[in-house]
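Chain A is fixed; fit chain B onto it per the hints.
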Amino acid sequence: MPPTPSAPLSRAMPDTSDCLICEHCDTLYRPVALRRGETSLCLRCGAVLARARRLSVQQQLALALTAAILFIFANAFPVISISLEGLSNAATLFESVQALNHGRITPMAGVTCLTIILAPLLQVTLLCWILLFACRDQVAPGFALCMRTLEHLRPWSMLEVCLLGILVAIIKLGGMLDVHAGVGLWALAMLTVLLITLSGKEIRYLWSHFEARL
Amino acid sequence: MSDLPYAKDAGLVLCHTCSKACADLLTRCPRCGSSLHHRKPNSLGRTWAYLIAAFILYIPANLLPVMNTNMFGNASENTIMSGVIEFWEGGSWDIALLIFFASVVVPCLKFFALGLLLVTVQRRSQWAMKERSKLFRFIELIGYWSMLDVLVVALVTALVQFNSLSSIEARLGILFFGLVVVLTMLAAMSFDPRLIWDAEVKDD
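Line order of the protein sequences matches chains A and B. Numbers 26 to 239, taken from the working numbering, label the letters of the first sequence in order. Numbers 43 to 246, taken from the working numbering, label the letters of the second sequence in order.
Derived by calculation from the structure, the hints in this document are not laboratory data. Where hints are given, some of them may not hold.
[Unchecked claim] Below, simulated SDA-like cross-link-like pairs (lysine to any residue); rule was C-alpha separation at most 20 Å, straight line:
hint, chain 1, residue 1, chain 2, residue 2
1, B, K176, B, M231
2, B, K176, A, D43
3, B, K50, A, V218
4, B, K172, A, P180
5, B, K50, B, R166
6, B, K82, B, A155
7, B, K82, B, S232
8, B, K172, B, W187
9, B, K172, A, L178
10, B, K82, A, E48
11, B, K82, A, P180
12, B, K176, B, L151
13, B, K82, B, R213
14, B, K176, A, V73
15, B, K82, A, L178
16, B, K50, A, A72
17, B, K82, A, A72
18, B, K176, B, F154
19, B, K50, A, D43
20, A, K226, A, L66
21, B, K50, B, A91
22, A, K226, B, A155
23, A, K226, A, L178
24, B, K50, A, L178
25, B, K82, B, G53
26, B, K176, A, G225
27, B, K176, A, E48
28, B, K172, A, L68
29, B, K176, A, L178
30, B, K50, A, E48
31, B, K172, A, L66
32, B, K50, B, L67
33, A, K226, B, R166
34, B, K82, B, D240
35, B, K176, A, L68
36, A, K226, B, S61
37, B, K172, A, E48
[To be verified] Every beta carbon over 12 Å from chain B, so not counted as near; a handful from chain A, in silico:
hint, residue
38, Y54
39, R60
40, C160
Don't be surprised by glycine CBs; every beta carbon is placed ideally from N, CA and C.
Same shape as in the complex, but just chain B:
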């Protein structure tokens, strides 16, 4: 496996935007004009920063209500978890699971997986490199589905507006939750999966 050549050793850099293989002396891609980097600049620091910020915001995102429902005079505040429980108790266990996955499992999985990737890369671990590569691609693939809750709240709020009779309003929790999604997406974008494989190469 390790006899496959690395682009770095051949003096080549990949352009992130147009995928051209460029000579590593260049600072800009001759084809598309994007700036070239051996690895994403300051990848570990940025990823940690975004990830920690997202983790901190995840606390108010879960504690604060995301929605205020007023149906025929019965007002209730919903957090993300209470919304899931409401669906579950109302018999729609499938929708409950769907929202639970998008709003709870996916963000938590991202915190755990990106944290794991960061720590193992910093330790220059050679453990399960292919699997960690796959884990990163999986995180990138599922990450943005967490936006689901924000969009549901936006739609429901826009629809249920019958003045005094019934109305639904968005609450501050949804801002924090949306920021968590954006920050975890930025964290995944700033992580450079090639760092996983750099552990295989000795520092020169």
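If we strip away everything but chain A, and leave its shape as in the complex, we get:
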């Protein structure tokens, strides 16, 4: 996808309604229309200014609903199971969180729960809620709150790190025990891809789309 530099605004431009500001260096631009797959970059600092959205609302909703189903699978089934001389054991995501929940380490269980369960859960729920209404061209109740929460949650959702963590754990234990990947792992892997696709700039267009009706 070729980057298109946006047209810089002249200093005399007083109209404030239709402007694009680079969040990394405060440069002011007049937005250019982007075609599918195109990205506009800031001329001053090189940051991404805007990205054309790749999916229609219907497609986004479909992916959000798929993500919801995958979330259930990823949490209901173990991500790894091990066996050792006839004994076996398996761990789900929540059991991993609980493993940290003892003694003075407890605060870490809270952080882990937020990053691998709560944040993704809220992301998926809010995305489904917003998109279910957006699909019928309606503004979801609590739209602004939902969108704001999504924006603030993004840095704390760490499914991709969790995925890598599971792979490292598999290799780490593989030397000593029989290790098997569980159903939860495959669901988690697909969920991660979907959440990356739907978060970030992909649904920001809804702000301007519904602006007049907020």
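Using the frame of chain A, we list chain B on its own:
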């Protein structure tokens, strides 16, 4: 390069939450209701505070054991570095490198890079502004991968629980290490990269 207009000069403020360009007289974004700031409030002070706190906690995070492994009666305490060395000596040099990068290189790089950004911004340096901008975005991008070790310990601890035969327990080091990751993330979030470019504009 410097003839590109700044939003500040045009009387506009960016809403951090919904990216709307708002008139700078407003205190709340008319679209999403978030509070508006020219620059993140008290950015340098907060970033220094988080960064220094993280740096202090990074010491016990490396010295204290993160995991206690008891395999068939052989008990051993693992720190983050000894875990890396174990992988390396066991022949999995790729995993050793991966963990080394996530747990040692990334946090150290964050301390160094954020410290550098803070000092240069305070000196109103005009040196390599575009590169420093890129450095900040890179730090933001890689920062949260340090959580890797915490998640590995959580998973391994949850799995290996065979009573007296074999068990793995999390130790206090992992708490400090997790806090370092959270604090460095907060430090990166409170730093305002636009301050880098403010050096270009004369104070009025």
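Comparing the hints with the structure gives:
A distance of roughly 15 Å separates the Cα atoms of K176(B) and M231(B); the hinted pair therefore holds under the 20 Å criterion. Distance hint between K176(B) and D43(A) is unfulfilled; the C-alpha atoms sit about 27 Å from each other, more than 20 Å. As the CA atoms of K50(B) and V218(A) are separated by approximately 37 Å, the hinted pair breaks the 20 Å bound. Taking the CA atoms of K172(B) and P180(A), the gap is about 24 Å. The hint is violated against a cut of 20 Å.
For the hint pairing K50(B) with R166(B), the CA-to-CA distance comes to about 17 Å; that is within 20 Å, so the pair holds. Among the hinted pairs, K82(B) with A155(B) is consistent with the structure: their alpha-carbon atoms are about 19 Å apart, no more than 20 Å. With a C-alpha separation of about 7 Å, the suggested pairing of K82(B) with S232(B) holds against the 20 Å cut-off. As the CA atoms of K172(B) and W187(B) are separated by approximately 24 Å, the hinted pair breaks the 20 Å bound.
For a cut-off of 20 Å, the pair hint linking K172(B) to L178(A) is broken: about 28 Å separates their Cα positions. With a C-alpha separation of about 11 Å, the suggested pairing of K82(B) with E48(A) holds against the 20 Å cut-off. For the proposed pair K82(B) and P180(A), the alpha carbon gap of about 17 Å is at most 20 Å, so the pair holds. For a cut-off of 20 Å, the pair hint linking K176(B) to L151(B) stands: about 14 Å separates their Cα positions.
About 37 Å separates the Cα atoms of K82(B) and R213(B), which puts this hinted pair outside 20 Å; it is violated. Between K176(B) and V73(A), the direct Cα distance comes to roughly 11 Å. Compliance with the 20 Å bound is thereby established for this hinted pair. Distance hint between K82(B) and L178(A) is fulfilled; the C-alpha atoms sit about 18 Å from each other, no more than 20 Å. For the suggested pair K50(B) and A72(A), the alpha carbons sit about 18 Å apart, so the restraint of at most 20 Å is met.
For the given pair, K82(B) sits about 18 Å from A72(A) by alpha-carbon distance, which is consistent with the 20 Å threshold. Under the criterion of a C-alpha separation no larger than 20 Å, the hint pairing K176(B) with F154(B) is consistent with the structure, at around 15 Å. Of the pairs offered as hints, the one joining K50(B) and D43(A) holds, with about 16 Å between alpha carbons and a cut-off of 20 Å not exceeded. For a cut-off of 20 Å, the pair hint linking K226(A) to L66(A) stands: about 14 Å separates their Cα positions.
In summary, the hint linking K50(B) to A91(B) is not supported, as the alpha carbons are separated by about 27 Å, beyond the 20 Å threshold. Restraint check for K226(A) and A155(B): not satisfied, since their Cα atoms lie roughly 26 Å apart, outside the 20 Å limit. For a cut-off of 20 Å, the pair hint linking K226(A) to L178(A) stands: about 14 Å separates their Cα positions. Restraint check for K50(B) and L178(A): the C-alpha separation of about 28 Å exceeds 20 Å, so the hint is violated.
Restraint check for K82(B) and G53(B): satisfied, since their Cα atoms lie roughly 17 Å apart, inside the 20 Å limit. Under the criterion of a C-alpha separation no larger than 20 Å, the hint pairing K176(B) with G225(A) is consistent with the structure, at around 19 Å. Pair hint K176(B) plus E48(A) holds up; C-alpha atoms about 13 Å apart against a cutoff of 20 Å. Of the pairs offered as hints, the one joining K172(B) and L68(A) holds, with about 10 Å between alpha carbons and a cut-off of 20 Å not exceeded.
Of the pairs offered as hints, the one joining K176(B) and L178(A) is violated, with about 23 Å between alpha carbons and a cut-off of 20 Å exceeded. Between K50(B) and E48(A) the alpha-carbon distance is near 12 Å, which keeps this suggested pair within the 20 Å criterion. For the hint pairing K172(B) with L66(A), the CA-to-CA distance comes to about 13 Å; that is within 20 Å, so the pair holds. With a CA separation close to 12 Å, the supplied pair K50(B) and L67(B) stays within the 20 Å bound.
A threshold of 20 Å between alpha carbons decides the hint, and for K226(A) with R166(B) the separation of about 31 Å lies outside it, so the pair is violated. Distance hint between K82(B) and D240(B) is fulfilled; the C-alpha atoms sit about 13 Å from each other, no more than 20 Å. Straight-line distance between C-alpha atoms of K176(B) and L68(A) comes to about 13 Å, which keeps the hinted pair within the 20 Å bound. At roughly 10 Å between alpha-carbon atoms, K226(A) and S61(B) fall within 20 Å of each other, so this suggested pair holds.
At most 20 Å may separate the alpha-carbon atoms for a hinted pair to count; K172(B) and E48(A) meet this at roughly 14 Å. Once the 12 Å rule is applied to beta carbons, Y54(A) is inconsistent with being away from chain B; the minimum gap is 8 Å. Distance check on R60(A): its Cβ is at least 20 Å (rounded) from any Cβ of chain B, clearing the 12 Å threshold; non-interface status holds. For C160(A), the shortest C-beta to C-beta distance to chain B comes to about 21 Å, beyond the 12 Å cut-off, and the non-interface label holds.
Checked against the numbered hints above, the structure violates hints 2, 3, 4, 8, 9, 13, 21, 22, 24, 29, 33, 38; every other hint is satisfied.
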